[in-house]
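**Student:** Single-letter residue listing:
2 protein chains.
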Amino acid sequence: MEIYHHTYTLKNCSFIVNYDSIIENSNIVIEDGIIKNLGKEVEGDEIDCSNFIVIPGLVNAHTHTPMIILRGYYDDAELSEWLNKMWEFEKNFDKKLMRLGSEISILEMLINGTTAFVDMYFNPLDVKELAEIYKIRAFAGFTFLDSLNDPYFIDKLQRTLTPTTYFKPIINVHSVYTVSESTLKLAKQLQEELNEWVHIHVSETRKEIYEIKKKYGVFPIEYLNNLGLLNRKIQLVHVGWIASWEIDLLKNTTVTYCPTSNMKLATGGAFPLYDMFNKGVNITLGTDGPASNNSLDLFIEMKYGVLLQRQMYWNTDVKAWHLFKIATLNGYKLLDLPGGYIKEGNIADLVLLDKNKIYPLFRDRLLSHLVYYATGSLAKGIIINGVLRWRKELENLLLEKTKQIYELLNS
Amino acid sequence: MEIYHHTYTLKNCSFIVNYDSIIENSNIVIEDGIIKNLGKEVEGDEIDCSNFIVIPGLVNAHTHTPMIILRGYYDDAELSEWLNKMWEFEKNFDKKLMRLGSEISILEMLINGTTAFVDMYFNPLDVKELAEIYKIRAFAGFTFLDSLNDPYFIDKLQRTLTPTTYFKPIINVHSVYTVSESTLKLAKQLQEELNEWVHIHVSETRKEIYEIKKKYGVFPIEYLNNLGLLNRKIQLVHVGWIASWEIDLLKNTTVTYCPTSNMKLATGGAFPLYDMFNKGVNITLGTDGPASNNSLDLFIEMKYGVLLQRQMYWNTDVKAWHLFKIATLNGYKLLDLPGGYIKEGNIADLVLLDKNKIYPLFRDRLLSHLVYYATGSLAKGIIINGVLRWRKELENLLLEKTKQIYELLNS
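Protein chains in written order, with the UniProt record's numbering: chain A, 1 to 411; chain B, 1 to 411.
Hints listed in this document are in silico derivations from the structure and should not be mistaken for laboratory results.
There's no promise every hint is true.
No copy is singled out in the list; a pair is fine if it fits within one copy or between any two copies.
Okay, derived cross-link-like pairs now, BS3-like style, lysine-lysine, Cα gap no bigger than 27 Å in a straight line [unchecked claim]:
#, residue 1, residue 2
1, Lys207, Lys36
2, Lys85, Lys207
3, Lys40, Lys207
4, Lys355, Lys403
5, Lys401, Lys380
6, Lys36, Lys215
7, Lys401, Lys355
8, Lys185, Lys95
9, Lys188, Lys355
10, Lys343, Lys156
11, Lys401, Lys343
12, Lys215, Lys401
13, Lys207, Lys156
14, Lys214, Lys403
15, Lys355, Lys392
16, Lys85, Lys215
17, Lys333, Lys85
18, Lys128, Lys215
19, Lys85, Lys319
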């Protein structure tokens, strides 16, 4: 069911949940992809939402979509060994299979209530096409990684990448330890010229900290600061190993927390979520790639995002609403779009959850249920830019696509 | 669909997965609740399982079923504050609501692929009846907790509790810090006389360690050892704060790991899984109660069971198969039943998973998928003691039951 250019109403939504407010039994009028009205108004087609809880779309701020092909391929190693194994495979990663991987990940994310994602890989043109096909907001770019690609070639390619309705280019830099200083300077120049944001893994492992400190005499965050990169147009992913004084350098930036991936790869750090949150750093949430998670379910990610904080800091300072805000409003802040919060004038990027599977269903327990109990399997419908799709329809598409993995591998 | 006393065949199971072996395209003949044959034989009714992956039933070795009523009620406190809040509610916990809580938890566990559970609460007679109704293996007893119950009264009650096909009594002791030494001696006597196992929370928080050391001069595990309780008939839950030398005292015991609950309650410990596993301690897995998890999904628990180890020990020593063994074979070892492993002669406690939702589906990735990717939502059918139930049917029952929460609360 695609509804887009005309007006329609999500009628009688049982609950509408933002990170700081809950509305009961209300309608949402959607027109041209925008939330036109929140309240008792009814316009256009009516969709009975009395069995749904409506939440803002979830943003997966860091993933590597094609790597779903590598899900389960190599799970029991720490990051550096794991990365070498991935790169070995990726050298011969068939282009069609890579695209199919992105396609499957996109469908899986849609099914689980993800309305936008930030991707780091080598096939942004596929992602661009797929974003238009599936009407999901995608942010991707060519990736600087010196051992795999000539940075000047990437620079050139990146300049050719143009936005569409659903796709926006970003400047992917793998990490401080896999590119040279001159590559980082290229990225900085692109950042200024194209007004795109730089998306980079940083301070993920103790090994990285050690090596960068040895090479440059400073920690990775300090190093990026010295290069003038720590501005509003940078997204720093992982940040599990940072010194307290580095937090102050991040004030204007976005950082992305990938709790599951960090745990699985035994990076062992402690992402200082509470401190950064209170200092105004824009914290976002990512599953990381499906080869290091191995799911693409932001509900589970929110839960263990809270729980990992509790484990590491021996307190309960971080609560459900922090992660809900991080996965919704903060995500859209990174994307520079008026979403992640359900209100009039914002974009209609929404998720419809089955209220019958959430119990005991009381208003004051809702945020808790969404973070600590819900999984993507409760999402029954997704709306992006006003376009509504039902779970069933997406599941059928996904089933078809997964069959193609084996066809491609055997061809 | 109930098939029980006659013979039937799970035909052409796409994969049959044990922790250390995988069989492809094979049949399972079930007769009188027992796996009669594994191979090409066909007997009785045939059930096409070509779209299923069959695994042994998962054992939830520690939960508090009625507390599903308290799911989402109070999520943001450390253990001692949280417990006080729970006890406050529990003083006036309506008996019917308590039973309904157990019923809902049982259905939720069945739906998620749990074939047996160990329960600590105050309504073992309800649990006994429900176990027979829903044909799930339940292990429960009256609970020693001195501030709530007279231990001599509990002792007397416990002696009246008798087993049935699906229910077995166990001796529940809340913890070392909530009962007196004389209560523990009562439990020890029951353990010997009734040949039931003692199920106790122990070494969960640093506060507990501190208080017990101060009171008795030894750590909690040492204290239980001094009382002669560390034998084959004890199950120690949590064990996140133990000294290395205490591990040796646990050799003959069962311990239960509850990673999610420990994280959520910020207990901050490190469960020494790898060491204990290699020293032959029978490690099992529990969700803990739905008020401290807040899910009852052992697939997710297996995943974060591995991941928490990696976070705390900065290595990848613990792998998918460890947790799969812990949740299956080790669980049945605690129950003293020949299950948790699919082979001829073992009991037919099995879970049927939708193979189309697991991809890329390769034999050598299966254990990884089951632990790192699958959730209970992939379970399509469950067999306990030879009785097969389909997800749909259980979901309908659950939906009905959850509606009764509000009826009971408003009556």
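**Student:** Now look at each hint and say whether the structure bears it out.
**Tutor:** Here's how the hints hold up against the structure:
no.: 1; hint: Lys207 to Lys36; in the structure: neither (50 Å within a copy, 53 Å between copies)
no.: 2; hint: Lys85 to Lys207; in the structure: within (17 Å within a copy, 43 Å between copies)
no.: 3; hint: Lys40 to Lys207; in the structure: neither (57 Å within a copy, 52 Å between copies)
no.: 4; hint: Lys355 to Lys403; in the structure: between (32 Å within a copy, 12 Å between copies)
no.: 5; hint: Lys401 to Lys380; in the structure: both (20 Å within a copy, 21 Å between copies)
no.: 6; hint: Lys36 to Lys215; in the structure: neither (54 Å within a copy, 65 Å between copies)
no.: 7; hint: Lys401 to Lys355; in the structure: between (29 Å within a copy, 14 Å between copies)
no.: 8; hint: Lys185 to Lys95; in the structure: neither (29 Å within a copy, 68 Å between copies)
no.: 9; hint: Lys188 to Lys355; in the structure: neither (46 Å within a copy, 46 Å between copies)
no.: 10; hint: Lys343 to Lys156; in the structure: neither (40 Å within a copy, 60 Å between copies)
no.: 11; hint: Lys401 to Lys343; in the structure: neither (35 Å within a copy, 35 Å between copies)
no.: 12; hint: Lys215 to Lys401; in the structure: neither (45 Å within a copy, 63 Å between copies)
no.: 13; hint: Lys207 to Lys156; in the structure: neither (32 Å within a copy, 60 Å between copies)
no.: 14; hint: Lys214 to Lys403; in the structure: neither (48 Å within a copy, 62 Å between copies)
no.: 15; hint: Lys355 to Lys392; in the structure: both (17 Å within a copy, 17 Å between copies)
no.: 16; hint: Lys85 to Lys215; in the structure: within (25 Å within a copy, 53 Å between copies)
no.: 17; hint: Lys333 to Lys85; in the structure: neither (34 Å within a copy, 37 Å between copies)
no.: 18; hint: Lys128 to Lys215; in the structure: neither (37 Å within a copy, 66 Å between copies)
no.: 19; hint: Lys85 to Lys319; in the structure: between (36 Å within a copy, 17 Å between copies)
Figure legend: structure checked against the earlier numbered hints; hints not met, in rising order: 1, 3, 6, 8, 9, 10, 11, 12, 13, 14, 17, 18.
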